[in-house]
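Novice: Here are the chains, one letter per residue:
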Amino acid sequence: DTEVTQTPKHLVMGMTNKKSLKCEQHMGHRAMYWYKQKAKKPPELMFVYSYEKLSINESVPSRFSPECPNSSLLNLHLHALQPEDSALYLCASSQVRVSDGYTFGSGTRLTVV
Amino acid sequence: AQSVTQPDIHITVSEGASLELRCNYSYGATPYLFWYVQSPGQGLQLLLKYFSGDTLVQGIKGFEAEFKRSQSSFNLRKPSVHWSDAAEYFCAVGAPSNNNDMRFGAGTRLTVKP
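So the protein sequences, as listed, match chains R and X. Everything in the first sequence is counted per our numbering, starting at 32 for the first residue and increasing by one. Everything in the second sequence is counted per our numbering, starting at -17 for the first residue and increasing by one.
Hints listed in this document are in silico derivations from the structure and should not be mistaken for laboratory results. Mixed in with the good hints, there may be bad ones.
What the hints assert, rightly or not - Calculated Cβ distances over 10 Å to all of chain X for the following chain R residues: (1) 43; (2) 72; (3) 116; (4) 119; (5) 137.
Stated by the list, open to error - Facing chain R, a subset of chain X residues (Cβ under 10 Å, in silico): (6) 11; (7) 14; (8) 28; (9) 45; (10) 72; (11) 84.
What the hints assert, rightly or not - Computed cross-link-like contacts, DSSO-like style, restricted to lysine-lysine with a CA-CA straight-line distance of at most 30 Å: (12) 69(R) / 84(R); (13) 71(R) / 43(X); (14) 43(X) / 72(R); (15) 31(X) / 53(R); (16) 72(R) / 50(X); (17) 84(R) / 50(X); (18) 40(R) / 84(R).
Even glycine gets a Cβ: it sits at the ideal position worked out from N, Cα and C.
Start from the sequences, fold in the hints, and give me the full structure.
Specialist: Structure (structure tokens):
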């Protein structure tokens, strides 16, 4: 299995809702990432987990809460989001050393209304 | 910290023509370098990578890239473009001294004319 699977593919949520994005990989990768991508922009790093521990948090607002329950799963919990948080959220995984590059999922298109 | 610049926001080429997308990086030593492609609404797919050895690297879909240390560049090339190559292309740089920190360039959008 050489894929990163993200669910759901599309999500519309209100500003008072709580929702979660899910990401799964079975490649034995021990590093997993959340990126946010706005239209016509490059992906921006949000969080990095290495060996199931949070290693990088790029000053992301607390309304985004990551979780890594095990080496194959990565969640992003969303609460009280703003319309400007609407974006494509990409999950990626890699070997711990970045020299092999990342494998990306196809993303979750999030719209906050 | 490392950084990467893609000078061209948008490039248009005719189908069958050759292609070169530019990428310049900033890093004190030899970085890890990557090219990714993204179709609309999709994730990113790795085209090729470089971290040591032969400076001309071959990738998928007929793409290649050449690492030039003297110019701090890692340009992507393809001898003959197909209509299906129309997409957004991102150059990315990783630092061997800082695992798990990869930075993307702003991207180059490729349009292919019939």
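Novice: Identify whether the interface hint at residue 45(X) stands, where standing means a beta carbon of chain R within less than 10 Å of its own.
Specialist: violated (14 Å)
Novice: Within 30 Å, alpha carbon to alpha carbon, are residue 31(X) and residue 53(R)?
Specialist: Holds, at roughly 28 Å.
Novice: Would you say residue 119(R) is clear of chain X, with no C-beta pair closer than or equal to 10 Å?
Specialist: At about 7 Å from chain X, residue 119(R) fails to clear the 10 Å cut-off, so the statement is violated.
Novice: For residue 116(R), is the shortest CB-to-CB distance to chain X above 10 Å, so the non-interface label stands?
Specialist: Given a closest Cβ separation of 18 Å, the condition holds.
Novice: Have a go at the residue 28(X) hint: is there a Cβ in chain R nearer than 10 Å to its own Cβ?
Specialist: With Cβ-Cβ at 5 Å, under 10 Å, it holds.
Novice: Classify the label on residue 137(R) as holds or violated, using whether its beta-carbon is more than 10 Å from each beta-carbon of chain X.
Specialist: violated (4 Å)
Novice: Does the alpha-carbon distance linking residue 71(R) and residue 43(X) stay inside the 30 Å limit?
Specialist: Since the Cα atoms of residue 71(R) and residue 43(X) sit roughly 23 Å apart, the hinted pair holds (cutoff 30 Å).
Novice: Given the hint that residue 84(R) pairs with residue 50(X), test it: the Cα-Cα distance must not exceed 30 Å.
Specialist: Outside the cut-off at roughly 36 Å; violated.
Novice: Measuring from the C-beta of residue 14(X) to each C-beta in chain R, is the shortest one below 10 Å?
Specialist: This interface hint holds because 5 Å falls under the 10 Å limit.
Novice: Measuring Cβ to Cβ, find out whether residue 72(R) lies farther than 10 Å from everything in chain X.
Specialist: violated (7 Å)
Novice: Run the distance test for residue 69(R) versus residue 84(R): straight-line Cα separation, threshold 30 Å.
Specialist: holds (27 Å)
Novice: Starting from residue 43(X), check that the Cα of residue 72(R) is at most 30 Å away, please.
Specialist: With Cα atoms ~24 Å apart, residue 43(X) and residue 72(R) stay inside 30 Å; holds.
Violated hints, listed in ascending order, are 2, 4, 5, 6, 9 and 17; each of the other numbered hints is respected by the structure.
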